[in-house]
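We have chain A; now place chain B onto it with these hints.
Those protein sequence lines, which keep their order, are chains A and B. Taking this note's numbering, I'd label the letters of the first sequence as residues 1 to 253. Taking this note's numbering, I'd label the letters of the second sequence as residues 1001 to 1251.
Mixed in with the good hints, there may be bad ones.
As the list claims (entries may be wrong) - Not the full set, but computed from the structure, chain B residues with beta-carbon under 8 Å of chain A:
1) Gln-1006
2) Leu-1090
3) Ala-1195
4) Phe-1210
To be verified - Computed spacing ranges between beta-carbons, pair by pair:
5) Ser-1026/B / Ile-117/A: 13 to 23 Å
6) Ile-1110/B / Ala-235/A: 27 to 37 Å
7) Leu-41/A / Ala-1036/B: 52 to 62 Å
8) Val-1015/B / Ala-147/A: 48 to 58 Å
9) Ala-1147/B / Thr-74/A: 48 to 58 Å
10) Ala-235/A / Val-1015/B: 38 to 48 Å
11) Arg-243/A / Arg-1028/B: 42 to 52 Å
12) Leu-1108/B / Leu-19/A: 20 to 30 Å
Hint data in this document are derived by calculation from the structure and do not stem from the laboratory. Think of the CB as a built atom: it goes at the ideal place given N, C-alpha and C, for glycine as much as any other residue.
In case you want the letters, here they are:
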Amino acid sequence: MARVGGLLVYLRTMAIFALAWYGLSLLVGSRLLLPSPLLVLDAVRQSALDGELLRNAGISLLRLVLAVAVAALTAIPLGIAMGLSRAWRDAFDLLVEMLRPVAGIAWIPLALFIFGIGSRLPIFIMFYSAFFPLVIGTAAGVRNVDARLLAASATMGVTGVTRIRHVVLPAALPAIMVSLRLAVAASWTAVVAAELVGAPSGLGYAIEYYRSMLATPTVMAFIAMIGVLGFLTDAGLRALEARLMPWAKDIRP
Amino acid sequence: MRTLRQLALPLALIVLWEILVALSGSPRAPRPSTTALKAVEMLADGTLLAALATSLGRVFGGFVLATLLAVPLGLAMGTLPVVERNLDPLVESFRPIAAIAILPLVILWIGTGNLAAVTIVAYAAFFPILINTIAGVKRIDRSLIRAARTMGISPLTRLRTVVLPAALPSILVGMRIGLGIAWTAIIAAELAVGAKAGTSGGIGQMMFVFYAYSIQLSGIVVCMAAVGLVAMLLDRGLRALLARAFPWSHP
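Okay, chain A solo, but in the shape it has when bound:
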């Protein structure tokens, strides 16, 4: 019942928003400056039909998955090592703290020089943006693992990789999942800028391309697609989180 009520409120708000937008678009009277919601819906339909919308969304999503996967495979082990061992922390802390404040987006010009225009540039920028939240979150999560758990497992002769797999990783998982969500969000923000400047395909490229063609309704359709996909990836990760560790409800922000 509460859900139905929530849906109704949602629809009402969005309907009022669409009406206000429609009214404003009539007032402005220019489909270049402010196309009506109907025109944008039509643009969504058309770019869905000719496959442009899904093709570019698929390309951007594939880049996201690749970049985040590489980031997770490198950053999580490094974070675990930094969380567990002082030597690793000493070795990498300064480097991480030096590179982390340099936004991934600030690498775009240098990456243009190194990689040129293509898929490698957005993937690198997205990897870089995802890497640091993951390293820092994992290291903090591992350091916060209850010392008694580590002591108990050591007493029982559980050490090395076994200890990491069966004690450290499960205990730090909630923190790692939170940082994964931050990493995906950061990565998804970076994709638009990276593709806008340095890729021949993807959602960021499409937005810029249709802007230069002065096709404002299509630009808005692609912007909406970015929002929808950003929302869906986060919702997916939330669901994964709830599935993986139903006990950690209170740790989630």
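Chain B in isolation, oriented as in the chain A frame:
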């Protein structure tokens, strides 16, 4: 001894970088040594500081605007369930859209000047501040509100003397996150405008100009270092400032 261990890896990488570029023989590739010289040159002729000042001015303008809009709205949404229920769908619909994605529309509506830059920054900083303000208000101990109500304090006074101070730590966290995002957004915006639509000024465009028009790319690395340094200083500075102004909160 420990400092040595901490410095070892960054120093080794810098040396490796110098050697690799020297071996590659690429005339455009930046090296640590040329970068250091370029940094001195850019600091001496004032171009770096001028570009940073342009970008920082836009960030502060947008950040102040975002704070002025997001904090009152967040207080309203946090205290009045009716407001929250009705506005939440809009907030949740626009929040996943990154500021840089709306750049084409902003260019269309406002152009590529300072006002457009401030708009992008304000949009970027708005959502973290709003979300954290709402969360901060909702986390307030109910008994505080009830006590204030029992004592017959009017809603507006209650907001100012009970709700706002109690929600402040969370609001400040939102402001810190928002400032960080704003700084990234302005660089992305200046870079994109510089690359696609002409001049924009600021550190972001400066980087793109180095990429597109110079023979030696060490200027880009100087700009990147400046971007990182400013990001760090903004975060530390805001934290120190807020800790000073509101000693009871820990952002």
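Structure-based check of each hint:
no.: 1; hint: Gln-1006; verdict: 5 Å, holds
no.: 2; hint: Leu-1090; verdict: 6 Å, holds
no.: 3; hint: Ala-1195; verdict: 5 Å, holds
no.: 4; hint: Phe-1210; verdict: 7 Å, holds
no.: 5; hint: Ser-1026/B / Ile-117/A: 13 to 23 Å; verdict: 18 Å, holds
no.: 6; hint: Ile-1110/B / Ala-235/A: 27 to 37 Å; verdict: 32 Å, holds
no.: 7; hint: Leu-41/A / Ala-1036/B: 52 to 62 Å; verdict: 55 Å, holds
no.: 8; hint: Val-1015/B / Ala-147/A: 48 to 58 Å; verdict: 38 Å, violated
no.: 9; hint: Ala-1147/B / Thr-74/A: 48 to 58 Å; verdict: 52 Å, holds
no.: 10; hint: Ala-235/A / Val-1015/B: 38 to 48 Å; verdict: 46 Å, holds
no.: 11; hint: Arg-243/A / Arg-1028/B: 42 to 52 Å; verdict: 49 Å, holds
no.: 12; hint: Leu-1108/B / Leu-19/A: 20 to 30 Å; verdict: 22 Å, holds
In summary, the structure is inconsistent with hint 8 from the numbered list given earlier, while agreeing with all the others.
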